[in-house]
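J.: Each chain, written out:
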Amino acid sequence: MRVEFNEELRMIKDEILLMSALTEKMLSDSVLALKSKDNELAKAVIERDDLVDAKEIELQLIVSKVIATQGPVATDLRRLAATYKIITNLERIADLAVNISKRVLELSDVVYMKRLVDIPRACELAQKLLKLAIQAFVHEDISRLREVVDLEDEIDALNIQIHHDCLAYMIDNTKNIHQGSVFIFVGSYLERIGDHATNIFETVFYIVTGDYIDFNDLDEEIISQTLALQKKIDSI
Amino acid sequence: MDKKIKFNTKNLDLFYGDFQALKSINMEIGEKEVTAFIGPSGCGKSTFLRCLNRMNDLIDGVTIKGEILFDEKDINGDIDVINLRTRVGMVFQKPNPFPMSIYENIAYGPKCQGMKDKTQLDTLVKESLVKAALWEEVKDRLNKSALGLSGGQQQRLCIARTIAMNPEVILMDEPTSALDPIATAKIEDLMSSLKKDFTIIIVTHSMQQAGRISDKTAFFLMGEVIEFNETPIIFTNPNDKRTEDYITGRFG
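Line by line, the protein sequences are chains A and B.
Counting with the working numbering, you get residues 1 to 236 for the letters of the first sequence.
Counting with the working numbering, you get residues 1 to 252 for the letters of the second sequence.
Only chain A is shown next, with the shape it has when bound in the complex (with noise of 0.2 Å):
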């Protein structure tokens, strides 16, 4: 039943995981080119920015193309619905990759003043996320809460941690205020990062349930609630 539109969805899901791993390889690069100084890697992140901006615009026709044409209802207008939230989080996600990458030629000429560890950490938990919010979106299986309110917890910590690292490396030396100052936005972008996967995630719950919920709202009983509801879904 409903072919068209059953192709339809699933096109719209292909371009989504499309658009998906563009971001996610945006991020790992931006922030790959800021631990190794590479410049050219960082202009080709910066470059790649318009394709995600197309593939954001484009979804966005075929969504108002599939409700106007197919007058989606339940399930079916949740889905659609959620595209444009996500599809406007990966966007967002891949402009403060760009951010990073703009930090990145700012400080080119610049010798740092320690090895980055926390922030590589810190992109690799919001890739993480980020990777569990699509998963949850393609399976649409939000059985997973608690990790992802687990590593945007993690992802905040480390942002704190570089700010405090950060301050305590420009008082020591007034040089650092610079390269310090672009470290703490960096921690700053993939904190951001982290609220837009989660974001990502929290729309995908409400593909699922029908009802928005703030992770930061999140408690036991919620989280027992949403695993035996996503229990008995699977059963069905």
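In case anyone wonders, no lab produced these hints; they're calculated from the structure.
Idealized CB from N, CA, C, for every residue including glycine.
Hints are supplied without guarantee of correctness; some may be wrong.
If you want a taste of the chain A side facing chain B, the calculated C-beta under 10 Å gives, among others [said to hold, decoys possible]:
#1 F5
#2 V73
#3 R78
#4 A168
#5 G210
Fit chain B to the supplied structure of chain A, relying on the hints for placement.
T.: Relative to chain A, chain B alone:
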């Protein structure tokens, strides 16, 4: 404050001979709300609608069990059926104006009920046509045949004819299925304005129509009410998988 309940059915079963067409329907229909019935063909929604003004009395071999309370009084008991059908009017799938003038179509019912005063009839005809959003289109040709009107106009005339009897409830059985989108939109707008004064119950095959016009929606399947809920809930997050499968067109 909770809305007043206009109809309340309790364990309603209906049989056509041996075949059970309705199975234990329990439903409370609120006053001055639009309630939509949806479901595949043969699911019992029109049968249920016809129970509400005892139109099934006209079909041989029908047996009804359970209660249908209209303003808390069982309509299958000892009641005046003519009076019931005056209070619970009906509009059908195909417009069915009488082969008379537009004016006479509206005035016929009230005249049968004994209204003779010309001025009173004139006022009633005008008021009914205004309420049915048809007055501006027909005011200069009230004495022309109603059969000369377009399909959409004829259907609004039938609604005006129903309104003229000052019913409390209007039952509509797929009232726009024979109409084009513009005529449909006019009828849908009309329903929104009519619900200020009337309780409206509509059977529709258009999911989008149910979504646009109704406050509550009941999904029927094989003689049962699977889900009865606020319309926005039915169309964004239905509770029952069968409702979801039907409204998303994946029922098979």
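J.: All the hints need checking, so say for each whether the structure fits it.
T.: Okay, the hints, checked on the actual structure:
no., hint, verdict
1, F5, "holds (7 Å)"
2, V73, "holds (5 Å)"
3, R78, "holds (7 Å)"
4, A168, "violated (51 Å)"
5, G210, "holds (3 Å)"
In the structure shown, a violation is registered for the earlier hint numbered 4 alone.
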